[in-house]
Amino acid sequence: MNSGLEMKNGLPEELTVRGVSKSFKTSRQTIRALEDVSLQIRGGEFVCLVGPSGCGKTTLLNIVAGLETPDEGTVLADGKQISGPGGDRMMMFQESALFPWLDVAGNVLFGLKLRSDINGKKRREIAANYLKLVGLERFMHANIHELSGGMKQRVALARSLAPNPRVLLMDEPFASLDAMTREQLYGDIQEIWAQKKKTIVFVTHNVREAVCLGDRVILFSPHPGRIQEQFEIGLPRPRDINSVDLAKYATTITRALKRILRPELEEVNE
Amino acid sequence: MKRWRNAALLFALLIGAMEVLARMGAWSPVLFPSPLEIGRYLLEAVADRTLLDASWVTVKRLMIGYAAGLGVGVPLGLLTARFKIVDDTLGTAALGLQTLPSVCWVPLALIWFGQTELAMVFVVVMGTVWSVSLATAAGVRNVPPIYVRAAQTMGSRGFHTWARVILPASLPFIVSGMKQGWAFAWRSLMAAEIYVTVLTGFGLGHLLHYGRELQAMDAVVGIMLVIVLIGLLTDKILFSPFERFLHRRWGTAQGKR
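Residue numbers (my numbering), protein chains in the order written: chain A, 11 to 280; chain B, 821 to 1077.
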């Protein structure tokens, strides 16, 4: 990609999660969303967090994004403590969270307009460039409600990538899409990751999806949220979600996931 | 175009029938004038400027009061949604005052400001403020939190988040509040003008009042038509652009082509 059409930014960041705990109080009880979680993510690594609901994976992502603060522990980005949201870390959500009062280009420009180091012309060039990257340059001036679910997530991806963050945080971004669209996006996201060199932390329920995308899959267990097991995925890229090798990894991880779930089920039965 | 043709045809038929019936003496001209007489009155009143002057006096009161009402109502709504203390105090007051027909402010306005323009403008402001404020607050409370989170991760903070995310995201609510505020303001201004004589300017309400006193029913009905026209024009000029924008961006059903 033409480097003249990019915002200046450093290398992908290394993330360090050190002894992070977080609880939420509801009216009835206190939920331990995360307990003493430590994790090291290399710069440029693609890490997938999987686990059953309530295992705190989304909470961890929010903490890394700076949207929530941990009760205990720290998160470091390239050795510097994270104290709030920052331009080096962009987040993508399950629903696209695109702004309906802006058109497609306006949404992609939103983050760019908050940067004072580039002028309007360059902003528009960057936005157009990223819309091209996700294959939606023809929809620059479309309204959000006119887009399909897959197109919305593509725009959301372009919006998160446009300010050239060093870390991309993705919270089940493909969960509400149909299987065909999802498969396309698996290809796209791997390509973009290889091309743009980012650290990606990707939260999902879907084990196959995690194996397809991640260099490493981290399995969380719930109540309280902890890291249960980690799996290095040594498959060559680009990966096809339907390949047999991938299915083997997925089976191993799914078994581990079931071991976590079983005691829970028994608890419910009692 | 077909819609316009049908409407024109229907109204032409109605007016024609009324003219014929009025000439046949189906009712007394004191009760309801014939369409031709109304037309004659309107031409004369436009020619000697009474109608234009009165319309301008009324519209000016309305515009000033409405603009002031928006200027106070939108910020008040934002503050209500943002600060619990404002919500508990002014927010509750707004809820109560919104139920008060704004023409009820007329006696107080007359004591405070005398028979002046300010009294009339005040009534319009009272008609506008509470509806707009409540709608704005409701709009802010209905902004999906994910918009704010998304904006924050992109580096938006504080005032920027309010001006560029929360306010535009509340727009559908604010516009409906604006329409309601306008309706309250317009109705209460007409009531106030009919019922109070303000010496600094004669509005359409005054003309209507004198029309009744002089038993000039052609004038009364003619002025009513002008009032309807102003209402329609306001809808087209003030609200249609907003509604088209909402329809285009949000894809809501209203104003569908």
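Think of the hints as simulated: they come from the structure by calculation, not from any bench.
Among the hints, erroneous ones may be present.
Said to hold, decoys possible - Just so you have them, the derived chain B footprint on chain A, three or more residues with Cβ under 8 Å:
{"no.": "1", "segment": "96-110"}
{"no.": "2", "segment": "118-131"}
{"no.": "3", "segment": "141-155"}
The beta-carbon is built from N, C-alpha and C at its ideal position, and this holds for glycine as well.
Now the hints, each set against the structure:
no.	hint	in the structure
1	96-110	holds (count 10)
2	118-131	holds (count 4)
3	141-155	holds (count 3)
The structure is consistent with each of the numbered hints, conforming to all of them.
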